[in-house]
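Number of protein chains: 2
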Amino acid sequence: MSQADDPSARHLTEEQLHSQLIYDGKVVHLYVDTVKLPDGSTARREVVRHSGAVAILPLDSDGRIVLVRQYRYAAGRALLEIPAGTLEVGESPDVCAARELQEEIGYRPGRLQKIGGIFVAPGYTTEYIHLYLATDLVPSRLDADDDEFFEVLHLPLSEVLARIRRGEIADAKTISAILLAQEYLK
Amino acid sequence: MSQADDPSARHLTEEQLHSQLIYDGKVVHLYVDTVKLPDGSTARREVVRHSGAVAILPLDSDGRIVLVRQYRYAAGRALLEIPAGTLEVGESPDVCAARELQEEIGYRPGRLQKIGGIFVAPGYTTEYIHLYLATDLVPSRLDADDDEFFEVLHLPLSEVLARIRRGEIADAKTISAILLAQEYLK
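Top line first, the protein sequences correspond to chains A and B. With numbering that gives the first Met the number 0 as the guide, the letters of the first sequence map in order to residues 0 to 185. With numbering that gives the first Met the number 0 as the guide, the letters of the second sequence map in order to residues 0 to 185.
Check each hint, because a few of them may be wrong.
In silico DSBU-like cross-links for lysine-lysine, where the CA-CA straight-line distance does not exceed 35 Å [stated by the list, open to error]:
#1 B/K35 / B/K25
#2 A/K25 / B/K35
#3 B/K25 / A/K25
Hints were generated in silico from the structure; no laboratory data involved. What you are looking at is a predicted structure, and each value in this text was computed from that prediction instead of being measured.
Let the hints inform the model, and build the full structure from the sequences given.
Okay, here's the thing in structure tokens:
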């Protein structure tokens with residue numbers, strides 16, 4: 000049973016009274032909504048509506064995890080992350096996962112397993128990331144977006160865990176995927 | 000060595016050429032920046048500048064994890080999460096962690112250990128969450144914000160992991176904190 004179906008949570012619900020579009024960008028669609036709180040009073044909610052995303056934990060034929068390093072302007076630094084990308088309009092998460100893998104690391108997944116999903120910042124964005132494990136990788140490259148630059152690294156799980164502990168891997172979706180895939184990793 | 004200091008990442012850097020404030024809200028401060036890419040071309044970056052946050056994994060005297068259930072308007076459902084909150088202006092993460100714990104679960108931490116930190120959505124937000132483990136909890140309550148409604152649950156680690164696997168816990172900071180605290184949990 001998901002939280003959404005949990006009748007015990009119903010009394011916590013906030014109801015939309017009004018919604019105003021502030022900015023309609025490429026990634027960020029910002030709204031300011033007025034909501035009715037459980038006690039009947041009202042509050043303002045700033046909401047980034049986002050089309051959703053996928054992130055894929057790829058395992059190579061040696062059982063190493065394939066990561067990408069890319070500069071993240073909002074973070075102000077390069078981050079080491081699992082491959083990921085935003086859903087295009089009407090695109091299914093499975094199709095998006097296979098596309099992003101080919102664009103970012105040059106492989107398509109022979110096998111793609113859903114391992115979960117995460118809300119990244121539910122205080123102000125609707126973004127939900129579908130998480131996958133990709134195995135049986137087959138070389139296949141698609142061109143990445145013009146404004147994306149990557150380095151690809153293959154690291155054993157022990158090294159990925161060490162880099163997480165040292166703070167060198169500090170990306171929420173990457174750390175979440177490692178925990179969710181733990182039963183498949185050695 | 001952090002990624003920021005990694006000389007191998009320098010050629011990936013994006014340089015700010017221009018920044019325009021679009022919306023200056025309570026939580027969301029939205030900018031559209033123009034950046035110079037590694038190949039010399041330019042691109043637009045939508046950036047939510049955020050003051051940063053803390054999230055705390057509290058362990059009660061029975062070793063159970065203390066979680067809060069709250070309705071998350073952006074997610075459209077109630078989520079089960081570790082206590083968390085946004086840094087106030089000039090507030091240190093340690094002070095913020097102790098404050099949020101008292102507001103959300105009615106305890107102050109006898110011991111507070113930094114276990115790491117995460118970027119939640121580095122594609123478009125600067126938000127970085129400082130992650131803590133809180134133990135030796137002492138009853139102490141501070142009033143929560145008027146627009147926040149919580150339920151508090153104490154669950155053993157095995158139950159938290161089962162709910163993560165079933166998708167009933169789907170919050171990135173909560174799942175990340177569980178992995179980062181693993182050596183302290185049993």
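Legend entry - Contradicted hints - numbers only: The structure conflicts with no hint, since it agrees with every one listed earlier.
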